[in-house]
Amino acid sequence: MIEVIIGHYNYWVVILLMMAGFYTVINRGNLIKKIAGLNIFQTSVFLLYISIGYINEGTMPIIAEGFDKYANPLPHVMILTAIVVGVSTIALGLALIVRIKDAYGTIEEDEIHDQDMSL
Amino acid sequence: MIEQNLSLLLVVLPLLAAPVTAILPQGKAPWLLTLITTWLCLILASWQLSLVTDGSVISYALGGWAPPWGIEYRIDAMNALVALLISGIAAITLPYALHTVEKEIPRHQLSLFYAVFLLCLVGLLGIAQTGDVFNLFVFLEISSLSSYVLIAMGEQRRALTAAFQYLIMGSIGATFLLIGIGLLFVETGTLNMLDLHERLQPIMHHRTVHTGFAFIVVGIALKLALFPLHLWLPNAYKYSPSAISVFLAATATKVAVYIMLRMVFTVFSTDFVRATPTDHIFLLLGVFGVILASIAAIYQTDMKRLLAYSSIAQISYMVLGMGLASALGVTATLVHVFNHALMKGALFMAAGALVYRVGSSQFKKLDGLGRHMPWTFAAIFIAGLSLIGIPGTAGFISKWYLVLAAIEHQSWLIALVILLGSLLTVVYMWKLVELLFFRPITDPALTVTEAPAWLLLPMWTLIIANIYFGINTELTVGVAETAVNLLGIAAIHE
Numbered sequence: 001m002i003e004v005i006i007g008h009y010n011y012w013v014v015i016l017l018m019m020a021g022f023y024t025v026i027n028r029g030n031l032i033k034k035i036a037g038l039n040i041f042q043t044s045v046f047l048l049y050i051s052i053g054y055i056n057e058g059t060m061p062i063i064a065e066g067f068d069k070y071a072n073p074l075p076h077v078m079i080l081t082a083i084v085v086g087v088s089t090i091a092l093g094l095a096l097i098v099r100i101k102d103a104y105g106t107i108e109e110d111e112i113h114d115q116d117m118s119l
Numbered sequence: 001m002i003e004q005n006l007s008l009l010l011v012v013l014p015l016l017a018a019p020v021t022a023i024l025p026q027g028k029a030p031w032l033l034t035l036i037t038t039w040l041c042l043i044l045a046s047w048q049l050s051l052v053t054d055g056s057v058i059s060y061a062l063g064g065w066a067p068p069w070g071i072e073y074r075i076d077a078m079n080a081l082v083a084l085l086i087s088g089i090a091a092i093t094l095p096y097a098l099h100t101v102e103k104e105i106p107r108h109q110l111s112l113f114y115a116v117f118l119l120c121l122v123g124l125l126g127i128a129q130t131g132d133v134f135n136l137f138v139f140l141e142i143s144s145l146s147s148y149v150l151i152a153m154g155e156q157r158r159a160l161t162a163a164f165q166y167l168i169m170g171s172i173g174a175t176f177l178l179i180g181i182g183l184l185f186v187e188t189g190t191l192n193m194l195d196l197h198e199r200l201q202p203i204m205h206h207r208t209v210h211t212g213f214a215f216i217v218v219g220i221a222l223k224l225a226l227f228p229l230h231l232w233l234p235n236a237y238k239y240s241p242s243a244i245s246v247f248l249a250a251t252a253t254k255v256a257v258y259i260m261l262r263m264v265f266t267v268f269s270t271d272f273v274r275a276t277p278t279d280h281i282f283l284l285l286g287v288f289g290v291i292l293a294s295i296a297a298i299y300q301t302d303m304k305r306l307l308a309y310s311s312i313a314q315i316s317y318m319v320l321g322m323g324l325a326s327a328l329g330v331t332a333t334l335v336h337v338f339n340h341a342l343m344k345g346a347l348f349m350a351a352g353a354l355v356y357r358v359g360s361s362q363f364k365k366l367d368g369l370g371r372h373m374p375w376t377f378a379a380i381f382i383a384g385l386s387l388i389g390i391p392g393t394a395g396f397i398s399k400w401y402l403v404l405a406a407i408e409h410q411s412w413l414i415a416l417v418i419l420l421g422s423l424l425t426v427v428y429m430w431k432l433v434e435l436l437f438f439r440p441i442t443d444p445a446l447t448v449t450e451a452p453a454w455l456l457l458p459m460w461t462l463i464i465a466n467i468y469f470g471i472n473t474e475l476t477v478g479v480a481e482t483a484v485n486l487l488g489i490a491a492i493h494e
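Residue numbers (my numbering), protein chains in the order written: chain A, 1 to 119; chain B, 1 to 494.
Rather than coming from a laboratory, the hints here were simulated on the basis of the structure.
Distance condition first, Cα-Cα at most 25 Å in a straight line; then the derived SDA-like pairs of lysine to any residue:
| id | chain 1 | residue 1 | chain 2 | residue 2 |
| --- | --- | --- | --- | --- |
| 1 | A | Lys33 | B | Leu231 |
| 2 | B | Lys365 | A | Gln115 |
| 3 | A | Lys101 | B | Glu155 |
| 4 | B | Lys364 | B | Gln300 |
| 5 | A | Lys33 | B | Arg157 |
| 6 | B | Lys103 | B | Leu33 |
| 7 | B | Lys364 | A | Asp114 |
| 8 | B | Lys365 | A | Ser118 |
| 9 | A | Lys101 | A | Ile40 |
| 10 | B | Lys103 | A | Asp102 |
| 11 | B | Lys103 | B | Asp302 |
| 12 | A | Lys33 | B | Arg158 |
| 13 | B | Lys103 | A | Tyr104 |
| 14 | A | Lys101 | B | Arg158 |
| 15 | A | Lys101 | B | Gln165 |
Taking the hints into account, I'd like the entire structure generated from these sequences.
Right, here's the structure in full:
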């Protein structure tokens with residue numbers, strides 16, 4: 001039992017980060033915190049992909065004497081692409097927040113909502 | 001030469017045109033280049049469709065890496081139909097965009113605007129072409145990121161919050177999809193759709209596969225605005241620039257429906273859908289979506305929002321077709337994807353024309369406008385008939401197939417809901433007609449003239465397409481049936 005828990009150490013971290021990030025996106029009214037939560041949520045998925053590509057004592061997939069266990073590099077390459085996507089999403093989100101701050105003078109969701117309703 | 005690389009050219013062409021557009025001088029040049037690109041795409045997409053209508057499949061190995069190791073572009077009738085729809089709508093939106101965009105977007109942003117538009121087109125076409133699930137995720141994010149930008153370019157400040165809300169919900173959806181793809185990769189070690197399908201068959205009962213499937217379905221459901229995950233859609237459509245609401249309403253959610261069909265029926269299988277509660281969930285959400293979104297549409301006080309809620313209801317029809325999980329049901333879904341793009345495209349163009357003349361789509365500004373703008377009003381009327389599903393219009397064809405599928409499935413309740421949805425459509429479309437035509441004009445000093453020809457021509461092209469595809473169903477139903485045959489949907493066993 002203990003071995004299962006410790007053996008899946010990185011997956012527990014993934015689940016923890018995923019839930020923390022997702023909760024922040026849903027629960028927080030501050031737009032910056034929302035974007036931060038989204039970032040954590042996405043990062044947990046990166047960690048998931050990196051974990052599934054690795055095996056114990058595996059090396060890079062280069063044929064050499066003395067090494068016969070190789071880690072799968074494909075998930076790592078995939079996640080490089082996903083990181084680029086994640087970075088663009090965060091950048092765009094922050095750029096939108098700058099424009100929202102200019103237009104509304106606040107980045108709190110409920111205050112923005114009040115301003116829209118009072119029109 | 002061109003024919004061998006057709007599938008890739010369709011994606012590469014707008015991808016190369018986008019950065020060139022971005023550095024062109026402001027003025028008409030960016031628009032012209034975008035126009036030429038979209039029309040070239042339309043020609044390529046029609047060519048591609050003509051190659052696969054007989055049920056054959058084009059397999060294109062990207063960079064010469066043989067599938068399933070490399071990325072494969074696998075074009076069958078369904079891909080080609082969706083690609084034709086996207087490039088067709090883009091090609092027809094561009095003439096419409098010339099004047100509306102000049103009016104709504106600051107002059108110094110014109111070339112960037114068209115560059116982002118082309119990137120959005122790249123993403124959507126890429127989704128339609130690719131046969132690789134991870135490549136699909138990347139294209140989905142290209143199209144989504146550029147659509148957030150396009151929506152944020154709306155004139156009012158609420159465009160910014162609408163785009164932000166869409167960004168949050170869309171990114172959550174895409175991340176869910178990514179988790180699902182990762183879980184399937186753990187189980188199979190492959191990303192190619194066909195290869196995935198084969199390798200998943202013996203391990204369909206694994207819990208990881210089920211979890212991955214659930215993540216994928218919920219992720220795509222967010223992107224296609226499946227009830228009750230639709231909250232981002234009304235504001236995103238309302239506050240985006242007119243040309244963008246036309247383009248997104250006609251393509252973005254339809255492409256998401258296509259992704260759902262691919263994932264559910266190509267990667268997984270009909271048997272899997274029937275063995276899990278997936279089909280019942282689709283039917284349940286579809287029924288609620290049709291009824292509740294139509295009722296919500298009746299209570300709107302803004303034309304673009306009304307059309308947006310109507311879109312949610314129409315998407316629910318497509319989901320109903322998927323939930324029936326029969327050949328006839330999926331044919332109905334695919335035909336409705338095509339036909340709904342035609343009618344909603346026309347309706348959003350008409351809404352944009354009204355906005356072009358009076359500056360708002362709110363009902364209190366629209367009283368009696370139909371008498372001043374007879375051509376726009378007539379377009380709304382005919383597209384409305386198509387939306388309701390009157391015989392002789394494209395809308396009738398898809399509703400007819402959907403009702404047939406429901407009867408074949410012996411779900412009388414579903415058939416009843418489809419008819420009830422049509423009745424509710426009559427109510428909200430009549431509300432528009434009454435407002436535009438029968439109300440007195442509030443401000444007699446207001447002199448509104450008909451929208452310019454640049455706006456009317458694309459609008460009426462779509463209206464004529466609505467009538468044409470209501471009479472000649474060879475392209476829509478014929479191609480959809482070929483596509484569904486290739487999906488290999490098992491017959492309903494009692």
